[in-house]
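Student: Protein sequence lines, in the order shown, are assigned to chains C and Z. The end of the first sequence is residue 408 by numbering that gives the first Met the number 0, with every number in the run present. The end of the second sequence is residue 289 by numbering that gives the first Met the number 0, with every number in the run present.
Don't read these hints as lab results, they were simulated from the structure. Among these hints, one or two may not hold up.
[Said to hold, decoys possible] Residues from chain C that keep clear of chain Z, each with C-beta distances beyond 12 Å, as calculated:
#1 Gly147
#2 Gly182
#3 Thr183
#4 Leu202
#5 Arg248
#6 Ala336
#7 Ala393
#8 Pro400
[To be verified] Output of the computed footprint for chain Z on chain C, the stretches with three or more beta carbons under 8 Å from beta carbons of chain Z:
#9 156-168
#10 218-226
#11 269-281
#12 374-380
[To be verified] Ranges between beta-carbon positions, derived for each pair:
#13 Z:Asp123 / C:Asp65: 51 to 59 Å
#14 C:Gly274 / Z:Gln86: 42 to 50 Å
#15 Z:Val84 / C:Lys271: 36 to 44 Å
#16 Z:Val101 / C:Asn131: 37 to 45 Å
#17 C:Ala299 / Z:Pro125: 37 to 45 Å
#18 Z:Gln86 / C:Phe44: 13 to 21 Å
#19 C:Thr171 / Z:Pro220: 37 to 45 Å
#20 Z:Asp123 / C:Lys250: 13 to 21 Å
#21 C:Ala395 / Z:Pro125: 51 to 59 Å
By construction, the Cβ of each residue, glycine as well, lies at the ideal position given by its N, Cα and C atoms.
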Amino acid sequence: MSHKNLTFHRRAVLAGAGALIASPAIVRAQEKKLKIGVLLPRSGFFAQAGQSCHRGALASVKVLADLGYNVELMHIDTESNADVARTQAEKAINEGAHCLVGAFESGHTLAIAQVCEQRQTPLVINVAAAPNITQQGYQYLVRNFPTGGMLVTNGLKLVTELTRSAGVDIKTAAFLHANDTFGTSMRTAVDAIFPKLDMPFKLVESIAYDPKAQDLSVEVTKLRSINPDLLMIVTRAGDAIKLTRDMVRQKFEPKAIISPGSPGLYDEEFFKAVGPYANYFIYNLPWANPKSAMTQALEASFKQTSPDNRFALDCFNAGFTFEALLVAADAFKRAGADDGPTLMKAIKASSIKDHVMTGGPIAFNDKGDNLNITSASVENIALTPTVVYPAEAATAKPVLPMPSWQGRK
Amino acid sequence: MSLPLFVEVLIQGMLTGLVYGLMALGLSVIFGVVRVVNFAHGEFAVLAMYAAFVLFGLFHLDPIIASIPIAAAFFVIGYLLQRAVVQPFVTRPQHEQFILLVGLSIVIVNALLLIFGPESRHVDLPYSFDSFSIGSILIDEVRVYGALAALAVTAVLFAFFRFTSTGVAIRAAADNLVGAAVVGLDVKRLYAISFGVGLACVGAAGAIMMALTDMTPMLAPSLTLLAFTIVIVGGLGSMVGALAGGLLIGVAEAAASALASPSMKSMVSFGLLIVVLALRPQGLFGKAEA
């Protein structure tokens with residue numbers, strides 16, 4: 000066995016110790032992992048969307064690691080229940096979570112926000128549109144998701160831009176929406192925002208329907224009697240299926256069917272139920288920019304972690320969940336610390352240029368909202384959600400006016 | 000709304016109402032004879048919908064045709080259920096019967112949730128998207144076939160009660176239980192057959208409804224409520240009343256949707272219920288209590 004000369008010079012030892020003490024916090028941060036509690040409704044009423052977000056979280060791990068971020072995710076089910084969400088948030092923090100991400104539903108998010116405020120633990124919201132979340136003076140939350148008002152404003156603006164760019168003349172529109180909380184709030188937003196936007200067409204009728212109804216045949220008959228050029232809809236997948244069936248049966252064919260910002264039209268359930276009739280529905284929503292390198296990386300990882308699911312259908316929920324994790328990981332890297340106040344300060348100072356969803360850099364205003372998020376027009380083409388507007392994110396040209404129902408099967 | 004479109008709405012409402020009526024008929028038969036209110040009625044309808052869904056998945060059997068074997072299977076289930084579970088409760092207080100059947104409904108819904116999950120299910124029939132046109136009036140093909148099937152089942156049921164000795168015996172037991180026992184009729188057996196016939200009706204109606212709409216286990220309570228609304232409007236225990244109640248609710252909901260707002264459908268049917276309860280508590284075709 001050979002013995003190395005382990006004699007140290009005093010100056011070298013002092014220099015080493017000094018370097019150790021004075022080393023930037025960033026080095027220590029990279030040795031440690033940021034523990035993020037990801038709270039999502041993976042079972043219960045919101046399970047479908049919660050699982051979609053969860054698949055995004057699973058795909059995020061590799062992408063974040065490849066970007067040099069050191070994070071550990073704690074996957075937690077809120078069971079579509081605000082009380083469970085609150086309890087699970089407490090538990091996650093007790094078990095060492097430095098930061099929380101979630102929670103898809105506005106009520107659950109508010110319940111978690113109260114816990115985070117008390118425990119001085121940052122909450123990065125992935126999906127939750129209720130405006131009041133960021134209007135209550137919470138210091139430990141930011142939201143990388145548009146409010147309902149932003150969704151409708153962006154969605155309505157895109158209706159005009161898209162139809163003009165496609166050369167489709169729209170003179171009249173009808174608005175059909177569910178009479179649940181989401182649908183009614185969208186109606187309120189449309190009623191408030193539509194007159195301010197100087198839209199080039201007239202909104203001739205707004206029809207509310209019961210999402211629990213067995214069918215929407217009467218609603219479609221009413222639409223036939225109005226015969227609008229454009230049908231604007233706010234639905235979920237189940238209602239969209241019933242609506243499509245009744246529109247096909249009654250041969251109701253407006254020039255375009257566009258949602259100014261609602262889910263349902265890009266669910267696998269919708270595609271499976273109505274097949275080719277799902278094509279040419281358009282929805283204006285923030286969407287994963289298919290031309291972004293980070294989106295492509297997330298999609299590649301998604302294919303590995305969720306091979307039975309299509310990224311094109313999940314990218315709304317998965318994209319926003321990834322970005323929430325990215326915000327936390329990026330702040331941790333910059334702050335070099337995992338304590339709540341320091342981490343939150345870094346989160347609020349975020350400016351992330353390269354990301355997944357459409358819009359400018361991820362940055363937050365004083366209230367904690369990211370106002371740079373924009374929407375894209377996404378059209379179902381060949382049973383796949385496809386970005387058709389704006390040009391910088393589009394991968395195909397819009398198919399407008401909408402082709403006839405006949406001959407699709 | 001133009002007159003042809005309004006007529007179209009009324010026809011669609013009438014066709015749907017016939018299927019609702021068949022479902023409610025089952026509830027009325029059970030109560031009319033056994034005097035037990037089946038609080039798990041909507042749950043049995045949803046169970047039949049899942050049976051139709053499974054048969055469609057396995058054999059590509061049209062739910063409207065599948066209504067025949069499903070009705071037969073539900074008759075057997077109903078017969079056995081009455082004999083084994085419900086019969087001991089027939090003479091017990093109503094709150095005990097209520098708890099029994101509500102418990103049964105919870106078991107059915109949760110079993111369906113465990114097996115099939117909460118997702119909405121549907122069957123894709125070749126004529127799901129087709130319609131008949133009469134001038135400018137368009138009528139859904141699936142709704143026409145569903146209504147015809149409901150009418151056929153109802154006709155068979157009426158023939159059973161009118162022309163078979165068992166049917167006549169059941170009517171006798173319903174009219175005068177003591178008299179039926181005195182002349183030597185096996186009342187327990189008649190109760191079991193009635194329960195079986197009631198479940199056969201709801202089985203057929205559920206299978207037909209599978210062709211008309213999507214379903215989840217959580218649809219069950221609203222169907223129970225719908226069946227109750229119909230039989231109370233038509234008259235609890237009256238077979239004609241159940242059918243007429245179904246038609247009335249279907250047409251009233253459709254007319255209200257066309258003339259006012261579609262989201263007012265439920266309000267109209269419950270409004271109708273309140274009016275009938277206030278003016279004619281026994282229902283439109285029910286017999287007043289002596």
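Student: All hints, please: hold or fail.
Tutor: Hints and how they fare:
Every CB of chain Z is more than 12 Å from the CB of Gly147 of chain C (nearest about 20 Å), matching its label as outside the interface. Some Cβ of chain Z comes within 12 Å of the Cβ of Gly182 of chain C; the nearest lies about 10 Å off, and the non-interface call is violated. Taking the minimum C-beta to C-beta distance to chain Z, about 10 Å, the non-interface status of Thr183 of chain C is violated against the 12 Å cut. Residue placement check: Leu202 of chain C keeps its beta carbon more than 12 Å from all beta carbons of chain Z (closest about 16 Å).
Some Cβ of chain Z comes within 12 Å of the Cβ of Arg248 of chain C; the nearest lies about 4 Å off, and the non-interface call is violated. Every beta carbon of chain Z lies more than 12 Å from that of Ala336 of chain C, the smallest distance being close to 42 Å; the non-interface claim holds. With 12 Å as the threshold on Cβ separation, the claim that Ala393 of chain C sits away from chain Z holds: the shortest Cβ distance comes to roughly 30 Å. Once the 12 Å rule is applied to beta carbons, Pro400 of chain C is consistent with being away from chain Z; the minimum gap is 20 Å.
For the stretch 156-168 of chain C, the stated coverage by chain Z is not satisfied: 0 residues place a CB nearer than 8 Å to a CB of that chain, which falls below the threshold of 3. Counting residues of the stretch 218-226 of chain C whose C-beta lies closer than 8 Å to any C-beta of chain Z gives 5; at least three are required, and the coverage claim holds. Coverage of the stretch 269-281 of chain C by chain Z holds [criterion: at least 3 residues with CB-CB distance below 8 Å; count 3]. Figure legend: the stretch 374-380 of chain C, annotated as covered by chain Z; annotation inconsistent (0 residues with Cβ-Cβ distances under 8 Å, at least 3 required).
In this structure the hint that Asp123 of chain Z and Asp65 of chain C lie 51 to 59 Å apart at CB is violated, the actual value being about 42 Å. Roughly 48 Å separates the CB atoms of Gly274 of chain C and Gln86 of chain Z, a value that falls within the hinted 42 to 50 Å. Judged by the Cβ atoms, the range 36 to 44 Å given for Val84 of chain Z and Lys271 of chain C holds: they are separated by roughly 38 Å. The hinted range of 37 to 45 Å is satisfied by Val101 of chain Z and Asn131 of chain C, whose Cβ atoms lie roughly 38 Å apart.
The hinted range of 37 to 45 Å is satisfied by Ala299 of chain C and Pro125 of chain Z, whose Cβ atoms lie roughly 40 Å apart. A hinted range of 13 to 21 Å for the beta carbons of Gln86 of chain Z and Phe44 of chain C is inconsistent with their spacing of about 38 Å. At about 40 Å, the CB distance of Thr171 of chain C to Pro220 of chain Z agrees with the hint of 37 to 45 Å. Here the CB-CB span from Asp123 of chain Z to Lys250 of chain C is close to 19 Å, well matched to the stated 13 to 21 Å.
Distance hint check for Ala395 of chain C and Pro125 of chain Z: the Cβ-Cβ separation is about 31 Å, which falls outside the suggested range of 51 to 59 Å.
Checked against the numbered hints listed earlier, the structure breaks hints 2, 3, 5, 9, 12, 13, 18 and 21; every other hint is satisfied.
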